[in-house]
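If you want the building blocks of each chain, they are given just below.
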Amino acid sequence: MKIDRDEARRVAGLAHLEFDDAGLDRMAAEMTKILTYIDQLNEVDVEGFEEHDATVTPLREDEPRPSLDRELVARNAPAWRDGLFVVPKVIGGE
Amino acid sequence: MSDLLDLPWHEGRERVSPREYVDACLRAIDAHNEKLNAFLHVNRDAPAGMLPMAVKDNIVTSDMPATCGSRILGEFHSPFDATAIARLRARGAAFVGKTNLDEFAMGSSNEHSAFGPARNPWDPSRVPGGSSGGSAAAVAARLVPVALGSETGGSVRQPAALCGVVGLKPTYGRISRWGLVAFASGLDQIGIVTKTVRDSAEVLDIIAGHDPLDSTSSIEPAGDSAADLGRGVKGLRFGIVREAVEPLAGEVRENFDASVEVLRRGGAIIEEASIPTIGYAIAIYYIVANAEASANLSRFDGIRYGHRSKRARTLDDVYFDSRGEGFGAEVKRRIMLGTFALSAGYYDAYYGRAQRVRAKLRHEFAEAFRSFDSLITPTTPEPAFRIGEKTDDPLSMYLSDIFTAPANLVGIPAIAVPSGFSRAEGLPLSLQIMGPHFGERALFRAAEFFESETGYWKHSPLPALRGEG
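The listed protein sequences correspond, in order, to chains A and B. Mind the numbering: the first sequence is residues 1 to 94 in my numbering, read in order. Mind the numbering: the second sequence is residues 1 to 469 in my numbering, read in order.
No lab work stands behind these hints, which were simulated from the structure alone. There may be inaccurate statements among the hints.
Pairs of lysine to aspartate or glutamate residues, derived as EDC-like cross-links and limited to a Cα-Cα distance of at most 16 Å, are as follows [what the hints assert, rightly or not]: (1) A:LYS33 <-> B:GLU11; (2) A:LYS2 <-> A:GLU30; (3) B:LYS390 <-> A:GLU30; (4) B:LYS458 <-> B:ASP6; (5) B:LYS310 <-> B:GLU325; (6) B:LYS234 <-> B:GLU271; (7) B:LYS234 <-> B:ASP205; (8) A:LYS33 <-> B:ASP393; (9) B:LYS458 <-> B:GLU11; (10) B:LYS360 <-> A:GLU51; (11) A:LYS33 <-> A:GLU50; (12) A:LYS33 <-> B:ASP392; (13) A:LYS2 <-> A:ASP45; (14) A:LYS33 <-> A:ASP4; (15) B:LYS360 <-> A:GLU30; (16) B:LYS360 <-> A:ASP53; (17) A:LYS89 <-> B:ASP316; (18) B:LYS360 <-> A:GLU47; (19) B:LYS360 <-> A:GLU43; (20) B:LYS360 <-> A:ASP4; (21) A:LYS89 <-> B:ASP6.
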């Protein structure tokens, strides 16, 4: 699988990662090399083997329980005011 | 003092008071950590405890910071203890520090730590392995008797092998992951680094078992892991994984053959086993693990905790700039690969395909365990490599997990136990024993037999380490 700069840019956008053009080219080359190795999976006959196994994760009862102490959460927040996380305006940039 | 820390935990704890045990660890850390960089944080206020431990820095504690070896977590302090930590605390553990790791546990050498690599106590110019390199180096250098690590594709066994200590990857679901920072949730499992097999079994029994806070933790009964220690291997059936061992040459092969002889002399039945798909494990792993990582690591976005870029003006800037500044090159590479493998048009060809080959691998292991109690390989294809040797070639780095990654993909337990030293450089070599799901007790039985016959765990790297100073 060959990854070019435009494809690397598309993936970086999906992943919320930013690279300059040189960084995109380097990433594209590394991804191409690794995906070429991974392409050997196409040699394997997987007839009869499914993507998901049948085991199911058991779920607990949906009962109320104490949540995290808000003060301890606030201590880790980059920006916090009046019990809320502060972020830049979502609409209209600045 | 050094005598005390040369002992395994189950002997050391009988010798001294809990205060003396913890203080001896803190003094040893002060003496050697500057050279080893095994600890990212030392807890000088650690309380007295009959189980002094180090904790890989992707497992959270309420009394120490957690960095995950990354800059993106900033000054993060967890509001809570991981379940494994809480259970250990209740049984008298004292946490003396957080150990170095590849960023978010992504790496096989510790060189991807944002805080510089931990170093191998047997030769500080070499890697300790990864990603739990700090934990393995700390136990090998006699800084602590026990350390927790984590495994996604061999991250406890591989560094344990390279540092000459015992590394356990329990069955998927054996230990609660509550408080283990997620890398690939379908593979992640907390692991244990110790000097001896008995210590490993005893620590597993403290932390194993269902936890309501992790719905993937198993309800399978846990405990009595040490019950069969000392029973030997007479009559047990070991399968040598042909596809893994046959291509090996040189010293690693000779050492493996010698290890097989030790088991054979103990009365074990040794035959060849076949896992035809095992050679595809790394290819499967780097799709499945990175796909899951790309989703898990989306939580590091500069909003609720960790690093937020000072440049950011818009909400999108907060995401892109905080992640761009906070993540290192290897983490970005893996997020990119995982995002690609899950993206529209490629999902079936990559993620779906990898999962189907993984199902085939799982089937082959299940078939093999109908004929064998255990499967054996070397833990790693080579001893510790030099710092810098593989950093320019991610793929060659990935291949150092070729024998360890299969157990994670299949969910089975596996243990790495020291098997000797390379002749020229005196670097540790290691035997890997894999067992069926929830078969830890039998793994410990076999590993302890091997350990008691060979005694490699008694060798200390400290004379060599001091000689360098």
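(request) Identify every previously stated hint that the structure contradicts and give their numbers, smallest first. (result) 1, 7, 11, 13, 15, 20 and 21
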